[in-house]
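Visitor: Residue-level listing of the chains:
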Amino acid sequence: MDRFANRKNIVLLMILAVSAGLVMRLFYLQVIDTSYKLSAENNSKRIEIVYPARGLIYDRNHELLVYNQPVYDLMIAPFELQEFDSTELCEILKIDMMRLRSGIRRVKNPQYRREPFLKQISAETYAVLQEKMHKFPGFYVRSRTLRKYSREIAAHLMGYVGEVDEKMIESDGYYVMGDYIGVSGIEGYYEELLRGEKGQEVLLVDVHGRVQGPFQGGRFDRNAVVGRDLVCTIDAELQEYGEKLMKTYKGSIVAIEPSTGEILSLISTPTYEPSLLVGRPRTENYIRLEKDTLEPLFNRALMANYPPGSTFKPVHALIGLQEGVISRNSSFSCVQGFYARGVSVGCHFHESPLNLVEGIQNSCNAYFCNVFRNIIDNPDYSNPAEAYNIWRDYVMSFGFGSTLKSDFINELTGFIAPSTYYDHYYGENRWNALTVISLAIGQGEILTTPLQMANLAATIANKGYYYIPHTIKSIAGLDTIENRFTERITVPVDTANFSIVTEGMDLAVNGGAGSTARIAQIPDVIVCGKTGTAQNPHGKDHSVFIAFAPKNEPDIAIAVYVEHGEWGASYAAPIASLMIEKYLNGSIDPGRKWLEATMLSRNLLSEQ
Amino acid sequence: MKDRLYIGEIDWIAVILYLTLVIFGWLNIFAVSYNNQFRSIFDLSTNYGDQLIWILTSFVLIILLFAVDHRSYYYFAYPVYGIAVILLLAVLLFGTEVNNARSWFRIFGVNFQPSEFAKLATALALARFLSGWDVKIWTWKSMLTVSLMIGLPAMLIAVQPDWGTALVFSGFVLLFYREGMPGWVMAMMTFFVGIFLITLLLVPADLVIMLVSIAFIVLALLSRKTKHVMVSAAICIVFYFTTMLLTDVLPIEVTQYEVILIALALSTIVYLILIYKYKLKRLLLVLALLSGSIAFSYTVDYMFHNFLKPHQQMRVNILLGKETDVQNVGYNLNQSKIAIGSGGFIGKGFLKGTQTKLSFVPEQSTDFIFCTIGEEWGFVGTTLVIVVFVALLIRLLFLCERQKSKFARIYGYGLLSVIFFHFSVNIAMTIGLFPVIGIPLPFFSYGGSSFLAFTLLLFIFIRLDSVRKVYVI
Ligand SMILES: [Zn+2]
Chain S
0 MDRFANRKNI VLLMILAVSA GLVMRLFYLQ VIDTSYKLSA ENNSKRIEIV
50 YPARGLIYDR NHELLVYNQP VYDLMIAPFE LQEFDSTELC EILKIDMMRL
100 RSGIRRVKNP QYRREPFLKQ ISAETYAVLQ EKMHKFPGFY VRSRTLRKYS
150 REIAAHLMGY VGEVDEKMIE SDGYYVMGDY IGVSGIEGYY EELLRGEKGQ
200 EVLLVDVHGR VQGPFQGGRF DRNAVVGRDL VCTIDAELQE YGEKLMKTYK
250 GSIVAIEPST GEILSLISTP TYEPSLLVGR PRTENYIRLE KDTLEPLFNR
300 ALMANYPPGS TFKPVHALIG LQEGVISRNS SFSCVQGFYA RGVSVGCHFH
350 ESPLNLVEGI QNSCNAYFCN VFRNIIDNPD YSNPAEAYNI WRDYVMSFGF
400 GSTLKSDFIN ELTGFIAPST YYDHYYGENR WNALTVISLA IGQGEILTTP
450 LQMANLAATI ANKGYYYIPH TIKSIAGLDT IENRFTERIT VPVDTANFSI
500 VTEGMDLAVN GGAGSTARIA QIPDVIVCGK TGTAQNPHGK DHSVFIAFAP
550 KNEPDIAIAV YVEHGEWGAS YAAPIASLMI EKYLNGSIDP GRKWLEATML
600 SRNLLSEQ
Chain G
0 MKDRLYIGEI DWIAVILYLT LVIFGWLNIF AVSYNNQFRS IFDLSTNYGD
50 QLIWILTSFV LIILLFAVDH RSYYYFAYPV YGIAVILLLA VLLFGTEVNN
100 ARSWFRIFGV NFQPSEFAKL ATALALARFL SGWDVKIWTW KSMLTVSLMI
150 GLPAMLIAVQ PDWGTALVFS GFVLLFYREG MPGWVMAMMT FFVGIFLITL
200 LLVPADLVIM LVSIAFIVLA LLSRKTKHVM VSAAICIVFY FTTMLLTDVL
250 PIEVTQYEVI LIALALSTIV YLILIYKYKL KRLLLVLALL SGSIAFSYTV
300 DYMFHNFLKP HQQMRVNILL GKETDVQNVG YNLNQSKIAI GSGGFIGKGF
350 LKGTQTKLSF VPEQSTDFIF CTIGEEWGFV GTTLVIVVFV ALLIRLLFLC
400 ERQKSKFARI YGYGLLSVIF FHFSVNIAMT IGLFPVIGIP LPFFSYGGSS
450 FLAFTLLLFI FIRLDSVRKV YVI
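Taken in sequence, the protein lines are chains S and G. Residue numbering for the first sequence follows numbering that gives the first Met the number 0, starting at 0 and increasing by one per position. Residue numbering for the second sequence follows numbering that gives the first Met the number 0, starting at 0 and increasing by one per position.
Possibly wrong hints are sitting among the right ones.
Derived contacts from chain S toward chain G, CB cut-off under 10 Å, selection only [to be verified]: (1) Ile14; (2) Val30; (3) Asp32; (4) Ile525.
Hints were generated in silico from the structure; no laboratory data involved. Glycine is no exception: its CB is placed at the ideal position from the N, C-alpha and C atoms.
Produce the entire structure from the sequences given, and follow the hints as far as they go.
Guide: Structure, rendered in structure tokens:
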């Protein structure tokens with residue numbers, strides 16, 4: 000034995016010590032520290048979102064209005080990038096070299112993920128690119144769909160689809176960055192039906208992001224559910240015709256089918272082409288539209304608050320009749336105006352005295368000042384404020400002063416002043432009918448939206464009830480639309496009283512001398528209507544007209560606003576009558592073509 | 000006397016341990032490369048098919064080994080060493096360049112790596128030299144000779160460049176130690192290599208605290224006298240509180256490292272008083288060593304931060320696995336730890352690994368084969384592999400010590416040194432305890448040359464052992 004033989008023990012000790020150290024470290028890595036298990040999960044799987052096709056939108060006659068077109072996002076997988084002919088790629092994509100370089104550099108996590116490099120390349124570009132794809136390793140194409148419109152109409156009604164922002168992602172867990180979402184109109188309100196349900200494929204990937212197959216046999220995969228198709232209530236022909244008529248005016252048309260509350264057309268002009276807010280140029284176009292002084296993005300039909308003017312007179316008549324403060328035969332005289340205790344409201348020249356029907360026919364201001372005075376100064380109530388509140392309740396029952404709860408996201412309420420408003424302004428018990436007499440002719444502290452006025456026309460057409468105006472007729476795969484749209488809402492005014500008002504509105508159009516809206520006459524159809532002028536403190540007054548037709552079993556109720564059109568009869572009534580005629584008869588009578596031509600030739604866009 | 004084969008004298012324990020490692024190793028290579036296109040285990044286009052051929056080839060070689068007269072290993076040790084050196088020179092000139100290194104010959108479609116066989120040749124040559132009658136390793140002349148013997152091939156391999164394999168030659172230190180290299184040389188080498196690595200791997204301040212604690216615990220354990228233990232404890236406490244106090248008192252600009260050094264200097268006064276009072280001369284030595292190593296550590300740290308440019312620092316950090324780098328060494332290490340860690344206690348099961356299979360771990364069937372074991376077989380599997388390796392090493396240690404022949408014993412220690420170095424460094428680097436230097440796990444890793452070289456290395460020794468009763472060279 001040599002004298003170093005004992006060193007074998009030291010060697011043995013070293014082997015054991017080192018091995019023990021390795022085992023201890025492994026125990027820590029594999030048993031104690033769990034963080035590595037999570038990293039492994041994330042390492043090896045990739046969740047691919049499967050986007051379902053968004054639901055299609057048809058008009059009430061099942062004409063396809065909104066559908067999808069495929070677009071292609073060029074994706075980049077930085078890890079897989081190899082040398083490629085950058086000049087050629089730039090030529091195909093029609094971008095410059097700077098853009099290509101910065102795009103590649105911008106890709107955030109250069110390890111596993113694929114990032115969008117160029118979004119929404121056109122089908123033509125894609126066709127060229129696809130054939131040469133093999134020349135550009137590391138680039139992929141992901142297909143998405145964008146909205147496409149068969150007619151450039153109803154931009155406000157349809158709304159648009161945009162990309163979700165961070166706030167939406169935070170508030171709704173469904174969305175992730177890059178998802179599309181309906182922002183306004185039908186697209187916005189019916190987002191959850193239209194979008195369907197995203198699916199996912201969980202894929203097993205290797206370090207280069209190359210797909211190796213489904214993760215755990217596709218156990219976590221979810222099929223995408225296609226969005227539901229919607230049949231909307233609008234009549235595309237009518238909508239298009241209305242937009243054509245209104246092209247040179249600021250204003251709005253809302254047409255409703257009284258028997259259902261279905262909105263036949265909803266027009267707000269100036270409008271824009273819906274395809275402007277689709278795809279890559281959306282942001283740019285949106286900014287341009289937003290800056291336009293004509294406010295094409297502003298949906299006047301729902302959001303413009305106008306004083307209703309004389310179109311509100313039928314409401315006073317109905318309340319007065321129901322309250323028993325007037326009757327069909329109540330007659331009041333008019334000396335080109337209403338004068339009482341220092342209050343004067345002017346009127347135009349007409350026969351005098353008039354009964355109720357004639358009062359509506361002639362739109363006599365004095366007549367309705369008296370009606371309103373009878374309502375508010377009704378001795379049955381302890382004071383004018385109490386009577387006013389009764390009046391206000393009636394008015395609110397027609398859907399004024401609050402939203403109609405229609406299927407719009409951005410509907411506004413209008414304004415019907417509460418009695419406290421006047422208490423505050425004049426002092427309690429220090430005001431009466433005369434103090435607030437301008438309400439009698441639809442002016443003063445009263446604001447309504449075109450949608451609410453169309454609903455008023457529908458309520459009168461139905462002689463006492465309405466259905467909440469809505470834009471959707473049916474939903475594919477569902478039996479009904481939302482319940483509230485099929486429930487009749489009754490106004491607390493008797494049918495008989497409506498008949499009297501209807502007579503007046505008939506005569507306003509079809510009566511003899513003194514009728515305010517004779518221009519709205521249509522051959523073979525009895526149109527009932529009421530003109531109005533909405534006071535505009537900033538310039539020329541607005542022309543307003545509400546109507547429904549035919550008189551018996553009406554099919555259409557309509558409200559038309561033409562800003563700066565001054566008299567109801569000058570713009571709103573002719574346009575409304577053309578709309579009615581178009582809808583009921585399908586075409587314009589040759590004898591009225593001149594009227595159509597006149598409306599099309601005039602231009603009030605530059606009016607203030 | 001005629002050289003005969005003594006089948007009964009073959010050490011079957013070592014052979015069985017070898018076969019266990021080979022079979023388990025192959026199963027793991029199979030697991031890494033297995034996919035849906037599985038045709039046959041002999042499918043040569045796959046790693047496992049290829050490796051199986053190598054395994055079978057090596058079995059044939061083992062038989063040939065036993066047929067050769069055992070004395071030729073002694074007689075041909077120098078010629079074999081010479082050929083190895085010539086091959087290493089040749090590969091630098093005519094080798095195929097793979098990954099910027101000239102390490103391979105490509106002959107008839109087969110890759111051959113001379114550096115793997117250089118280890119075998121060096122082990123033989125060292126055994127031949129050190130088994131000489133008059134050779135004493137602790138003489139300067141012998142030390143110089145053996146240094147040259149391992150330095151020449153290591154240098155040739157290092158310039159390929161293949162630093163990992165070159166470093167393997169430092170593993171022969173274990174053999175020198177057993178054969179009489181002074182213990183303090185061994186101790187100092189281990190100590191300073193340890194400090195060097197830890198300084199770069201850990202926060203230096205932690206290292207200093209560690210060193211101080213260890214030094215005094217060692218002192219206490221060595222003397223085993225109550226008063227020494229008490230003094231050691233006192234010193235630790237004094238040092239600790241001085242550090243705490245200084246951390247609060249000194250301005251923020253002073254680094255923690257410097258705080259500890261100042262604390263050490265201040266508490267040295269207390270130590271000296273204690274040393275004087277209790278007449279602890281040995282404590283002086285410990286104190287000197289401690290100061291020396293801290294000074295060394297500080298120097299390493301200072302040089303690292305002040306002499307290396309940031310990108311060079313990063314390169315060192317990546318090499319040490321401290322920084323993750325997407326496509327390089329640091330990345331490998333991180334992925335390797337994820338793979339092993341995700342295996343948990345019992346693993347994901349055979350063929351169920353995702354990390355290794357999906358090439359998240361690079362070099363997965365060669366240098367990082369241990370990841371597959373860790374992922375699919377879990378802590379149970381990794382421990383088992385370590386246990387089998389340790390069993391083989393201990394068996395080899397036992398076999399070495401029973402050799403009458405000095406040549407056989409020294410060769411056996413050479414074999415032991417190489418396997419121990421590969422085994423410990425390979426596993427340590429996959430779990431982040433050692434810089435990633437890229438050397439294979441013996442008998443496990445995919446690769447014909449290294450598998451063949453390890454098998455030859457082992458079975459030459461088993462052959463020598465089988466005749467231990469008959470011949471003494
Ligand atoms: Zn009048």
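Visitor: So which of those numbered hints doesn't the model satisfy?
Guide: Hint 4 contradicted; others consistent.
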